[in-house]
Amino acid sequence: MKENIRNFSIIAHIDHGKSTLADRLMQFTGALTEREMREQYLDKMDLEREKGITIKLQPVRLHYQARDGQSYVLNLIDTPGHVDFSYEVSRSLAACEGALLVVDASQGIEAQTLANVYMAMDLDLEIIGVVNKIDLPGADLEGVQEEMENVLGLDRDEIIPISAKMGTGIEEVLEAIVNRIPAPKGDEEAELQAMIFDSYFDPYKGAISYIRVESGTLRNGDIIQMMSTGNEFEVIELGVLTPMVKQVESLQAGEVGYVAASIKNVADTRVGDTITHANRPAAHPVAGYREVKPVVFCGLYPLENSDFEQLREALERLKLNDASLYYEPESSDALGFGFRCGFLGLLHMEIIRERLEREYDLALLATAPSVVYKIKQTDGTEIMVRNPSHWPEIQRIESVMEPYVKASIMVPSDYIGAVMEFCQEKRGEFQTMEYLSAHRVLIIYKLPLAEILFDFFDGLKSRTRGYASLDYEMLGYEVSHLVKLDIMINGEPVDALSTIIHKENAYRHARMLAEKLRQIIPRQMYEVSIQAAIGNQVIARENVKALRKDVLAKCYGGDISRKKKLLEKQKEGKKRMKQIGKIEIPRDAFMSVMEIDHD
Amino acid sequence: MPLCRLWKLIMTRKDSPAALYIHIPFCVQKCSYCDFYSLEAWDSSCLQSYVDALTGEIRLRCHEWGERCFASIFFGGGTPSLLNTAQIATILDSIYRYYRVHPQAEITIEANPATLGRQKLRGYCYAGVNRISLGVQSFFDDELLLLGRIHSAQDVYKTFDMLRQAGIDNINLDLIYGLPNQSMGRWLANLRKAIELKPEHISAYLLQLEASTPMGQQVQHKELALPDDELLLQMYHQTRNLLQESNYFQYEISNFALTGRTCQHNIFYWKAYDYLGLGVGAVSKLGGIRRLNQAAIEQYIKKVEQHELPPQTLLESMDEHEQLADAIIMGLRMVEGINRQELYHRFGLDPYSRYEKEIDECINRELLLQDGDMLRLTEKGYFLSNEVFYRFLP
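Residue numbers (our numbering), protein chains in the order written: chain R, 1 to 599; chain G, 1 to 394.
Source of the hints: derived by calculation from the structure; they are not laboratory data.
Do not rely on the hints blindly, as some may be mistaken.
[Stated by the list, open to error] Which bits of chain G does chain R cover? Going by a derived footprint, with three or more residues having C-beta under 8 Å, they are:
id, stretch
1, 80-92
2, 125-139
3, 324-333
4, 381-388
[Unchecked claim] Ranges between beta-carbon positions, derived for each pair:
id, chain 1, residue 1, chain 2, residue 2, range
5, G, Tyr205, R, Glu492, 32 to 42 Å
6, R, Ser306, G, Glu305, 57 to 67 Å
7, G, Ile150, R, Ala546, 31 to 41 Å
For every residue, glycine included, the Cβ atom is placed at its ideal position computed from N, Cα and C.
Let the hints inform the model, and build the full structure from the sequences given.
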């Protein structure tokens, strides 16, 4: 039975056609009838569809009648498509024996794809190269095949050209999966080892884990144990997705499915953790588990202070579904009560914020995102600072450390100069450069995480006409010359506008930030003074003049309705303001402190 | 609906006075700052068929408005003074025939100084017109040129003399300030020249540009520069001072008059009373409903010729709360402000309790002043009145 199972993922860059290919595979194998066929079935959440990326994973079981006459079970394990979620990708890949590498015939390999392929190779997966979109006018099949051979060592004759959109080459892909990807190994009789590669929260069944059984057999009613925590649960439901939910009695070594065990919180079903039997535990868990730690933090505050409790409930509920989300209550002198929230990256942050606003109907103000700084104080203690307003006073700081990453940038060789100049501006330290083919290079830089997080990729793309692709991995903490820049509005420090910046850029940054705030803060009844300061020293200042004129000089019978519409707009604008003392500050101002362009 | 409310509704409809507006959408030449509906290409037969259509609409709307007593009739535009005596008389005759008009009704016609002659003027008066609103805008030819006006400063003086000679004792002069590059001295000179003529009423408007107008475009493309807000504010307060010193009392943000000479027509708008608008592009308000006669002249004429009402667009349909907001926003434009008791009687809602927070905010910001049952803008509040008004939107 196990010999006829194939577990595989699809690795692809955004827009290279992963979801379309997945749809085609499902259609070809009859997993979805025409009526059930929704375009891009795997991307379930509205947000995923809108952003065109996969956030939550979903394994699908396909039945395929191969040319050799035998029937195979193919488990397609989806992977998220963004660098914020690279740990999740690694766990999904670890659940497979093979992977389809899908590359756009007109784009070539991208940095993130490459990172994921390397990850798959490290896990000993069989890689099947697929070149997609060969029907498009700009397709360069041979060029891309050559690149895949040079860069990844794939045999160019084995790379399959397809057009997922037109439906050509799909059967060849399915045959390759059957013939080239090895069947899973593992003893059904051995101790149970089932790795969780994703989990989500179901309001009726509790936390549901998607698992890959490595060894042993999991049955309904079994008492299971989470190996990282030792917590025990009773299995109440096992099943597979075809992609419709189908309950099963057991899942054996090599199989992929889901398990429900009345688990109240997804924090008990951590991605990468191993499930075993409570009465007959495995000797050791599946390797590769680690606790996911958020790297970006920001304050989330309700625009209306009275919405605080609602925000707390919403975060609690989102947390049920997203173990990587971190939050703790905090208060700000300027903004009142809110939460300091931690995310895997900026995209993750944006998604959570949008979900809070959309699904829970909250109007939120997000403060500028920050990484976690490590500060050695003069008294010898070391603290982690994830909120700039908790930065110690200058005289108490011995040294400051910030997280660094190793960034891999792939780009056509014409743009080497532009990329290096850009990385240098971002406080980067050149590491190596490598030619992938005659025209493409891989450039490695060491960069502060804080520089990578904020509009780095946008800047990189605009300097390379969109050709650059980026991936990064954490390196650790290093000493850095950082200071806290405070903003004072009418002499009062606004804690939520404080940022941490490199000392060398401080003056320029402060001037630009003050100038930007002057533009963003609308004229008010009173003059508003904006000062940027490091410690007690004011290094930039601007004034917003008092509002002098806001009047409709003429208003008669014919245009009352129209004039009222103008007032309506004005009122809407005010709703997006946060009242701080007597001053109204647009909520965008809080994010804008990160969006200073140094050009 | 409870009987008492229904009764009140009938009472309001039947007995409360209303105002009547007639839109004449023709101009010799469109002004560079104007975005009203008006046409430049027309001939005398076009004017005549429009006047015929207007009399048709007057007849057609009498079922709805015939019971109401009109305390004001106002010919606006466009340039209503393009109509000849007979045409104005025809329109007024139909109004008297189909509607009730108060014996002391104010009957105003807006006039362009370059379009009035002695004969025409006498005819207008004979037909019943008793107030003239003269679109002067400026007493300087360079400013008039910039504004795209067809008259000269000389025309203004000539026309004004003519009006007085014809015995018209209720004249308004419209002026605009805040023109591109206008200095304080220039504006005050304008204002003094207006005062010297001793009209009964002066409207002094801050130039308000819509982006769609030629001048709006020029400003957007930085070919023209408007005075900065600080100067405009000073111009406004100097205007108020100068006019009040000369016995013109301010009664609305932009309007000043000698005692007893306020414009009755506009007060209907600001008190959010009902008004009937006739002609293309005219707006009517009846209770909580505002409707617009669609701005397409051919269709308008065709429909009325077929004895059908011209096509309308519903602009607003307000419940009591929205009507209250409407009455506050309009009412606060007037210097006397709004009266709590009056609004309570009209809408069954107490504005003070409904808008307690908003009123407090405005009082704290020195924009509003409360005086017993009256609530009014402060001097500071006039030029910042939108900061007050938006808060009262429902």
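Here is how each hint holds up against the structure:
For a cut-off of 8 Å, the count of residues in the stretch 80-92 of chain G with a CB near a CB of chain R stands at 0, and the three-residue condition is violated. Judged by the Cβ-Cβ criterion of 8 Å, the stretch 125-139 of chain G is not covered by chain R as claimed, because only 0 of its residues qualify and three are needed. Proximity of the stretch 324-333 of chain G to chain R, defined as three or more residues with a beta carbon under 8 Å from a beta carbon of that chain, is established by the 4 residues found. Evaluation of the coverage hint for the stretch 381-388 of chain G: fulfilled, as 6 residues show C-beta separations to chain R shorter than 8 Å, against a requirement of three.
Roughly 40 Å separates the CB atoms of G/Tyr205 and R/Glu492, a value that falls within the hinted 32 to 42 Å. Between R/Ser306 and G/Glu305 the C-beta distance comes to about 60 Å, which sits within the given range of 57 to 67 Å. Distance hint for G/Ile150 and R/Ala546: a CB-CB separation of about 40 Å, consistent with the stated range 31 to 41 Å.
Hints 1 and 2 from the earlier list are contradicted by this structure; the remaining hints agree with it.
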